[in-house]
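S.K.: Residue numbers (our numbering), protein chains in the order written: chain W, 1 to 433; chain F, 1001 to 1444.
Source of the hints: derived by calculation from the structure; they are not laboratory data.
Accuracy of the hints is not assured; some may be wrong.
[What the hints assert, rightly or not] Under 10 Å between C-beta atoms, here's a sample of chain F residues computed to sit facing chain W:
#1 Ala1043
#2 Asp1143
#3 Glu1245
All C-beta atoms in this analysis are idealised placements derived from N, C-alpha and C, irrespective of residue type, glycine included.
Residues per chain are reported as follows:
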Amino acid sequence: MIRFVLTFALLLASTIARAEIEVQEVTSPGGIDAWLVEEHSIPFVALELRFRGGASLDAPGKRGAVNLMTALLEEGAADMDARAFTRQTEEIAARFNYDASDDTVSVSAQFLTEKRDAAVALLRDSLISPRFDEDAVERVRAQVISNIRSNAKDPDTIAGMTFDRLAFGDHPYGSSRNGTEDSVSALTREDLQEAHGAALARDRIYVSAVGDITSEELGELLDALLGDLPEHGAPMPDKADYQLEGGVTVVDFDTPQSVAVFGHQGIARDDPDFFAAYVLNHILGGRGFESRLMQEVREKRGLTYGVYSYLVPKDLEALYQGSVASANDRIAQAISVIREEWARMAEEGVTEQELEAAKTYLTGAYPLRFDGNGRIADILVGMQMDNLSTDYIVTRNDKVRAVTVEDVKRVAERILRPKDLHFVVVGKPEGLE
Amino acid sequence: MRRYLAGAISALFAALPLHADEAVTDFTLDNGMQVVVVEDHRAPVVVHMVWYRAGAADERPGRSGVAHFLEHLLFKGTETMDPGEFSEVVAANGGRDNAFTSYDYTGYFQRVAADRLELMMRMESDRMVNLSLDQADILTERDVIIEERNQRVENNPGALFREQRNAAQFLNHPYGVPIIGWRHEMEKLSLEDALAYYGEFYAPNNAILVVAGDVQPDAVRTLAEEYYGKIPANPDLSERARPQEPPQTSERRMIFRDARVAQPYVSRSYLAPERDSGAQEAAAALTILAELLGGGTTSVLAEKLQFEERQAVYTSAWYSGQSLDDTTFNLVVVPSEGVTLRDAEDAMDAALEEFVKSGVDAEHLDRIKTQIRASQIYSRDSVESLANRYGGALAQGLTVEDVKEWPDVLDAVTAEDVIAAARMVFDRRKSVTGWLMSEEEMTQ
């Protein structure tokens, strides 16, 4: 038994690293807000843009439009066709990435200081003047349909999509943002232009930049890049209505290992109890070998390679979900252990010791996230979307430290509902009704 | 945030630094353990890694999966630490830890605040030699790795297909055996198997320490001598020599059917040389060749098969020269709706043939080189990936100098070199062509 290690750890706990970054709030001459961290030691900039709304802005009957539109932003813009756009991007070694998720359209860019103007001009064209050329639309549409078909035979995706459908029905959260083969096949160029106008507008944009750029330069960049976007997009989508009750849904699929996604309603990001819930989840099934689920399902019984739970506070509804995968003849046991742990936590909460270990981990791990321009830019834009202020970086750990055993117990009773827990199991599970 | 080295970048691309710009120091301890320090003082964070020059390809025949099994078991405690305590202590210090197993190496890492480095060294050096296991650990953890195999391989027809393809590609070399192991052999792995592998390979003279982040090389040296330097070298460590490939003289073709396949595709792999220390030129030419053929929408295969003939929804080519022994050059074509695998394969071969005949587009080659130079700047943003680059290279027979020279070697590749590399590598006698398809599809 090695006791010196723990002593050593406690001694050091007081000197834990702090994130030493200085965030500037910048407003461009044209009125666009952004957060900036200047970091001039490497001659490039990481820029993150987020447009709130995302794939949930798909118009009725047009499921998949925002996703396909987003995929086409880099497939031809202004006077460049798809290949010309890519060649020009390659010539200046800029890196652009476009992605649609349920609540956002994300654009990530990295470019070298010496090619900044050329990079911004290209990125601007892709956001403001995408062409949606017929041949590009057909080519990318075929790729999306290929993905839809592959997803339809992938047990993890089937499990997630089935849970969403049962939970949210006809709301966009109830189906894949890719759309269906039918809906994607029917999308026209006009649909894509409409999706573009709906999703990419100045009234829903969040921006962060980290790297070799001053606040003045960033102000000019923002106006050049985003000044010509329309002021308003489509109204934000309605809240999603959670419809699922407790139980088990089995999706029969011939594969050796059953995959389960489980959950019930969760807790909103701006709820005053969110921090207590976050700490609670870390102890129940957060990342790491120390969580109760990992200890009980994997370490003690060897029933799985990984079991996790996670808070999913989306814009239009919050979920508390988890996942596990076990051989068909062992999944029933894994599920019963998870149910027991869920109920035990709801009843008993956590011990003082568990809480302390979780706090030490969470407060120590936080500053380690800030270790690169791209990663810092990503965190900063996420903070803005969560309506946090720049001083959150300094105060966040205090909020974690302030959580008490009583807080966790109260929140556990409030948000953990063992009876509402629904499992979607994909495979050939044995011993499940 | 503190400043780091100021990049001396002029306004012209021609002046972009070719040489890796990262601050790297390396030295060797008296017991033979190699140490690499990568400095990045932007954040008070450190990555601590130990890489063993032993992976799945070093297993004894019939014991497939034991390297990876042992990797799991290294978290099960030592003479002075309880099972699970290692990760608990890392977590209690706000850190993250994990491990990985490849054909050529097994690695363990922790990412922690820079002032926790000593604690990490104390624990990692302890489990290098003091592992303590009992029968119960073995049985539960064996179930875990079998579930890991279920998750990564058995539930994924593409992974099952790749496993069969590798087995067909390597006639004699253990690269043909899956890293995670064949299921029937995993089920029989024993405590003795794991301990035999541990005793043979886990020693300072078979390990590389990589420390990257907010650290000074001198301080790392002092700590490394204190914790790793005291462990005696294993005098019985033998030369690293695996069974090598005989001449490959017969093209292999395979069809893999699985009801779970939604999107059929064609894959082709060719046996290819790897990067050798001091002689990386052939591998550099192959690296550029893969970029030209399959590196995105402006590549040769995309141009031909996706844009012009529209026979494919996706194409790719890739090659990683970082390998201890012979590796592979890979191509994949995912056909468009209504295009057979036969037609997709023929279209791919026609495109390759035309490329070799007509030569390299000079502008395309320039663009690729520009991006390689730029990646030297971008890669400095992630000290963890730099640490991985050096650790992997050193575990796979390369030196720190080889890694530093690699961008120069890539930049020196000419159009002629690329075509010569293509002629050399595209030898169908050394290839495996695979069709992945659903149960119903016809094979015409």
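S.K.: For every hint, state whether the structure bears it out.
M.R.: A quick look at each hint next to the structure:
Using the Cβ-Cβ criterion of 10 Å, the hint placing alanine 1043 of chain F at the interface with chain W is satisfied: the shortest such distance is roughly 5 Å. Hint on aspartate 1143 of chain F holds. Least Cβ distance to chain W is approximately 3 Å, under the 10 Å limit. Here the hint on glutamate 1245 of chain F is broken, as its CB sits about 32 Å from the closest CB of chain W, past 10 Å.
Hint 3 alone, counting from the list given before, is not met by this structure.
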